[in-house]
Amino acid sequence: MTATGKSLEVRKPTLPVARPTIALALGGGGARGLAHLLMLEVLDELGLKPKIIAGTSIGAVFGAAYASGLSAKRIRAHVEEALSQRFDIVRQLLSARSEPVLKILNILPIRSALLKPESLLEFMLPSAVPRDFADLEIPLKVVATDYYAQEQTVLTQGSLRTAVAASIALPALFTPVTLNGRMLMDGGLVNPLPFDVLNGHADITIAIDVSGAPTAPGKRPHPSAFAALMASSQIMQRTIVREKLKVRQPDIYIDVEVDDYYVLDFHRFKQILADAAPAQAQLRRQLERVLASQAAETLPAIAAAEAVNSPPPLPLRKRRLLSFKRLSLARKT
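Count along the sequence shown from 1, add 25, and you get the number used in this note's numbering.
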């Protein structure tokens, strides 16, 4: 209360609890990458929106869907429906095993491949995903391999679906994609886990690795020719990731244990998601610790702001006068 009888207005602190900015890297690994859906759900649950996303192969597919602004649950519902009910011909083709696929490959001309990568995107990507990078809500970097230059290329503008198609174009299964005069194919050949292309973009870099680990001793049957062909790509990708981690590590690294699945095991999506659940819990715990730590650093600043905005204490003389008046009244009674 002021001398004029007006109440003193106390301003409330406007300093919010700061949240770290996040850069998200989604790695390649074929059907193993279905595990990315669970990791995206964690971000939605915690209210964390990445500042930027980078994706390789299947990571580029789900990175594009998430960067478009779709929720993880909506993306997951679309993928589950696609793999369960629709596009039966494509689903059967993706779930094919060794001899049937090899027969197809053997009768095709040497320059032919099994599928066009664009056909896979037609049912893996929801229709709400835009056609161009410019229409994404979150900036996206798509990693592909330049076949003739033998180097990584990072795509960030132009046709989104063409870029993602190039990133998933696994040799011998998908035809390469021609873009701006370059012959592009699977980004996993050069950078299976592209957290390094996100350096300096955010406070925290999260990398989700679905390249798989070595097979346990008790699970080592003699591989078929087709299984060996597919596994060779996974072995190469895992080796590249291990070497990258020796040089530099992301702030949060999640190694999803989906080792028992091949590149084309999309028909086993329920088992893949079940096996990825522990990694989902691990990511949630790590992010909750980060948020708690950030809040602990920010709350003292808010307390300081409250102190600055609080009304000043009464002068010492007024305090003594009030005390004297109370004392006099007490004596009279």
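These are calculated hints, taken from the structure and not from any lab test.
Worth double-checking, as some hints may not be accurate.
Below, a list of computed lysine-lysine pairs in the DSSO-like style, where the Cα atoms sit at most 30 angstroms apart [stated by the list, open to error]:
(1) K141 / K98
(2) K98 / K76
(3) K141 / K271
(4) K269 / K74
(5) K271 / K76
(6) K271 / K98
(7) K141 / K295
(8) K295 / K98
(9) K271 / K295
(10) K271 / K74
Measure nothing beyond the straight line between the CA atoms of K271 and K74; if it is 30 angstroms or shorter, mark the hint as holding. Judged against 30 angstroms, a Cα distance of about 28 angstroms means the pair holds.
Do the alpha carbons of K269 and K74 lie within 30 angstroms of each other, as the hint requires? 26 angstroms, holds
Given pair status - K98, K295, alpha carbons within 30 angstroms: 15 angstroms, holds
Regarding the pair K141 and K271, is the alpha-carbon distance no greater than 30 angstroms? 35 angstroms, violated
Quickly compare the C-alpha distance for K98 and K76 to 30 angstroms and report which way the hint goes. 20 angstroms, holds
Take the C-alpha atoms of K141 and K98, compute the straight-line distance between them, and say whether it is at most 30 angstroms. Cα-Cα ~27 angstroms, so holds.
30 angstroms Cα cutoff - pair K141, K295: 25 angstroms, holds
Pairwise hint evaluation, K76 against K271, where the allowed Cα distance is 30 angstroms at most: 26 angstroms, holds
When you check the alpha-carbon spacing of K271 and K98, does it fall within 30 angstroms? Distance of about 34 angstroms is beyond 30 angstroms: violated.
Hinted pair K271 and K295, Cα distance within 30 angstroms: 33 angstroms, violated
Checked against the numbered hints above, the structure violates hints 3, 6, 9; every other hint is satisfied.
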